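Q: Here are the chains, one letter per residue:
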Amino acid sequence: MAKVDMTDVREKDVNVSDLVFKYMRPEHLPHIWCPGCGNGIIMRDVAQAIEDLKINRNNLVVVSGIGCSSRAAGYFDCSTIHTTHGRAIAFATGIKMARPELEVVVLTGDGDASAIGGNHLIHAARRNIGITVIVMNNTIYGMTGGQYSPTTPTGDYGTTAPYGNIDRPFDVALLAAAAGATYAAHGDCFHVPETTRLIRDGIAHKGFSIIEVADVCPTYYGRKNKKGSAVDMMRNQKENFVTAAQAKRMSPEELEGRYVLGVIQELDFPEYTEAYEKVIEKAQGGAK
Amino acid sequence: MSKMELRLAGSGGQGVILATVILAEAAVIAGKNTAQSQSYGPEARGGSCKAEVIVSDERIGFTKVQHPSFLMALTQKSLDQYGQGLPKDCLVLADDSLTIPVCLVENRVVKLPILRTAAEKVGKAFTANIVAVAAVNRLLGLVDDEHLKEAVFMHIPKGTEAINGKALEEGFRLADSVKAE
Amino acid sequence: MAKRVLMQGNEACVEGAIAAGMRFYAGYPITPSTEIAEVSALRLPQVGGKFIQMEDELASIACAIGASATGVKAMTATSGPGFSLKQENLGYACLAEIPLVVVDVQRSGPSTGLPTSPSQGDVMMARWGTHGDHPIIVISPSSVRETYELAIRCFNLSEKYRTPVIFLMDEIVGHLREGVEIPEAGTFEIVDRPVPEHYYPKKHAYHLEEGELVPKMAPFGAGERYNVTGLLHDDTGFPTNNNKIAGDLVERLMKKIDDNYDDIVTTEEVGMEDADIALYVYGGTMRAALTAMEMARAKGFKVGIFRPVTIWPFAERELREVAKKVKRIVVAEHNYGQMLREVERVAKDDCEVRFVGKVNGTVITPEEILQKIEEA
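Residue numbers (the numbering used here), protein chains in the order written: chain A, 1 to 288; chain B, 1 to 181; chain C, 1 to 376.
Keep in mind that the hints were calculated from the coordinates and are not lab data.
The reader is advised that the hints may include incorrect statements.
So, partial list: chain C residues that the calculated Cβ filter (under 10 angstroms) puts toward chain A [stated by the list, open to error]:
#1 A2
#2 V5
#3 G66
#4 S68
#5 N89
#6 M295
#7 A298
#8 F314
Since the structure is predicted, the reported quantities are computational estimates derived from the model, not experimental observations.
Beta carbons: idealized from backbone N, C-alpha and C, even for Gly.
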């Protein structure tokens, strides 16, 4: 463990992962999220995946939209761009299209990716542009104080669903898969090695990839819906979420109502920026 | 010729817009000033369709035709519509299948078998607009024939040079038949 | 020697942009700007550039900003309804100081309006459409040739000042075909954004060095690893809640345009030497004004034309001089009087101001302008 020496971190003798020094901007930490929030765990998973893949930080662009999740971009030590609400994937498309050699990772939330930015999500998936979208799904609008989102379960409460939510929720990864995502997976906050692997494979995947990570929001979603403490919410993921390997050994009855981690779709189609290289060749009069 | 204001009308699909583009292109090749514009939207998809081109030796201010010096119409509907309110010195070229409306009684009207020539003599109805530009250019003396030919070949699909070349010749011949009268 | 070719206004916009170095276009089809997307799709890959048709107007501008962040000159084009949708990210580009050219080929509004008919109803939206105080440069062409030249100028200003520039066209010019002299490469100025001499991880990506117009901008991927945000930020590029820093940033953004009025604002005067009546027109309305001026002069009226080529910032200094010289200004524009009030603000103490406006989708004719010249 590296010794902490950063002005913004108040408890200087706390143990800090080497990943923080290697891939983050310690001067901007600690992060702004509430105690018990799962975003920090997901951020670490992403850093670990980058480490595992040995990605050059100079070559990495992290793009985010608006919301709690999207503050994560600024903590990474690479080119980072915190864009407008819902548009992260559209910005990322421009970055990847203009410079296909860059590794482009989008950090977004359930509202950002599937409500205001839903159109960009499905179309990026359809094009199969080689970006990786990590959806931190806390099933609530946290930054604005607890309104129901497109992933809030039916019957749950939010400040704008005081009588219970009548909407049906999206499964964001499944939505992207239906739109043609060539890599789509479900992860969570508790199963760190599994989720890190899914993120790593998603980044390594050539083509559009999405990893929807079940997040933990004790402050708004948890409190509104009597889910207990942050620890209780993590325990729920531990006890009720199953890995793909576990799921294989379970009967349909046992799987009923369970959140299964793992890859839900993996396809092989031409990546968009590579396909466009062929357009350029054609426009310039045949193969170069 | 200092300034000519041409209006070409027909139905969508007859190539009237392309005809004005070709005339404008020829004007540019000839070193003249030109302004070409057209009506857009549903009209361009099957209804009555109008396109305009101004050719001038001087700088062109207003780009829309105000005082037409020439109107060509290929359909009865477009002739009836755009024949209204023309200046008396506006030359009108109508396909010979059309009936000349009363409003044009004081105008000089030339009737030529543009559509029939394209379909029967050239052998392809779609060359009507090329027959037309040749006839228009010969009637009005806008640019040299060579400039017009160059412009036509810039705007037709590859492989149609021979048939469009024939259309040009037939168009010139039609106009010459009027001049000889 | 310059080559002379027939070109449509929308096509000239693309060709000028490519000459200026545009290598990325993201757009969505909308009349009457669609030809800009079509020609970009055809031409950009020929010069090694990229075209992408996005899922909507919001995505188009976002995508273009993303491309520009990697150091590529980018453009998007639209018309009224789409321009409304692009406003949020226009503000983003202003604040994050990302060069971008946004073309708006105006059409009749409000709402879906008259999609194929001319209008100049977006003049104020171009200035104030995005929320919050922000700097903006807006340029409007009056001929196809000028569309080519000004497209280059839009890119140059955008790169120089690290700010979005709006190329405010109208249907009159966008759909007009005219002869254009294409200047040979190397005969016109091309400006590129200032970039750092060496790339290294930078803590103060938005720090302005003494004597600099704008902070240097490293392309993403070059090694600077800095942060960009739409939040008010300090010179590290990170959000701040410090009101002094926030206020200083907005002021710096406003001043980088205001303080360079002479470099940014251009106008054209025709026949103003002896004029006692001035026509105030911009964009495609110029064409009717030219003919109206000829007609009026033939009748003995001493009429000239004052045309702002740069629409915003408002050409206030030049207009003030005109107002002192003439007894009447006739404002002609295809809207309900959006620039009229600006002209009145500057000129009304020095001369009378009359107005010709049209919002029915037809073009203002020379006769309609002439009438306001002849009026007692």
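Q: Taking the earlier hints as the rules, which of them does this structure contradict?
A: 1, 2, 6, 7 and 8
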